[in-house]
Amino acid sequence: MTGYGKTVLQLPTKKITIELKSLNSKNLDLNIRIPAYYREKELYIRKKLATALVRGKVDFSVFIENNGVELSSKINENVVKEYMHQLRKIVDSNEVELLKMAVKLPDSLKTEREELDEKEWAQINVAIENTIDEITTYRIDEGKVLLEDFVLRISIIEDLLEKVVEIDPKRIEQVKEKLRKSIAELETNIDQNRFEQELIYYIEKLDITEEKVRLKNHLDYFKKALKSDDSNGKKLGFITQEIGREINTIGSKSNFAPMQKLVVQMKDELEKIKEQNLNVL
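Its first residue numbered 1, the sequence shown is counted upward by one per residue in full-length UniProt numbering.
Simulated from the structure, these hints should not be mistaken for lab results. Every residue gets a Cβ at the ideal spot worked out from N, C-alpha and C, and that includes glycine. A hint or two may mislead.
List of simulated lysine to aspartate or glutamate pairs, DMTMM-like, C-alpha gap at most 20 Å [to be verified]:
#	residue 1	residue 2
1	234	220
2	235	271
3	14	120
4	224	159
5	163	268
Ranges of calculated distance between the beta carbons of each label pair, as one might list FRET restraints [said to hold, decoys possible]:
#	residue 1	residue 2	range
6	116	25	29 to 35 Å
7	46	122	15 to 21 Å
8	47	206	54 to 60 Å
9	147	122	34 to 40 Å
Using the sequences plus the hints, can you model the full thing?
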């Protein structure tokens, strides 16, 4: 979601700088700063930005630099003359000094409100579109980098899952052996059939077959979602939650140090994915 765009428009009487910045945000948060005489176009600008940028904390600014050819403030001659007339009655001074005092008094300068020029606005509108194109290109370039990172992280988790699958039979055998040794240390006679039934029940509680299948499906779904042309940052966020759920369940059921080590590595990669996913629309 992060991005930056800037366009400078040089007109005969002024320089207009349009700046657009975007940061991460769950929703679209627009902050627009424009001169007062463009306010009637604010709703139009908001709709244009919302359609193009979708999500993010967006700051849009239009800065005006007049070149001095046109002045919005002018001397109010009638007011200044009246001030000078009144000052002559109470101050013994020359015309220059009276003028200096008069122009400092209220309403000596009048500000003429600048009206929106539609021809000028047409040029500004094109500049806004150029700025949006620039920030969109910035976002696309960043997205390509994120895509490569996501593919790498998911691939690592898939490799770790394969290792989990490989060592799972060994884990089950170790669990069985631990139970047998514990029973043997009790030095008591047991019903072998009953022991086998209890062992099967216990092993079923530690079985992670469903978690392995679901995790594989979630990883495949994540990769499929990456190829979508639509804005899918929220969808990817939901999928990572499900991936995390399955990884946590495998960890809680593993009861086997080598598998728990693999689970920690998967969690580490998933946290990196979650962090980067904040940048996705």
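Hint check results:
1. With a C-alpha separation of about 17 Å, the suggested pair residue 234 and residue 220 falls inside the 20 Å cut-off, and the hint holds.
2. Annotation: proposed proximity of residue 235 to residue 271 holds, straight-line Cα distance about 16 Å (limit 20 Å).
3. Taken as a hint, the residue 14 and residue 120 pair is honoured in the structure, with Cα atoms around 11 Å apart against an allowance of 20 Å.
4. Only pairs whose Cα atoms come within 20 Å are accepted, and residue 224 paired with residue 159 is accepted, the gap being roughly 18 Å.
5. A hinted pair counts as satisfied when its Cα atoms are at most 20 Å apart, and residue 163 with residue 268 qualifies at roughly 16 Å.
6. A hinted range of 29 to 35 Å holds for the C-beta pair residue 116 and residue 25, which are about 31 Å apart.
7. Our hint of 15 to 21 Å for residue 46 and residue 122 holds, since their Cβ atoms are close to 19 Å apart.
8. Taken as a hint, the range 54 to 60 Å holds for the pair residue 47 and residue 206, whose Cβ atoms sit roughly 56 Å apart.
9. A hinted range of 34 to 40 Å for the beta carbons of residue 147 and residue 122 is consistent with their spacing of about 37 Å.
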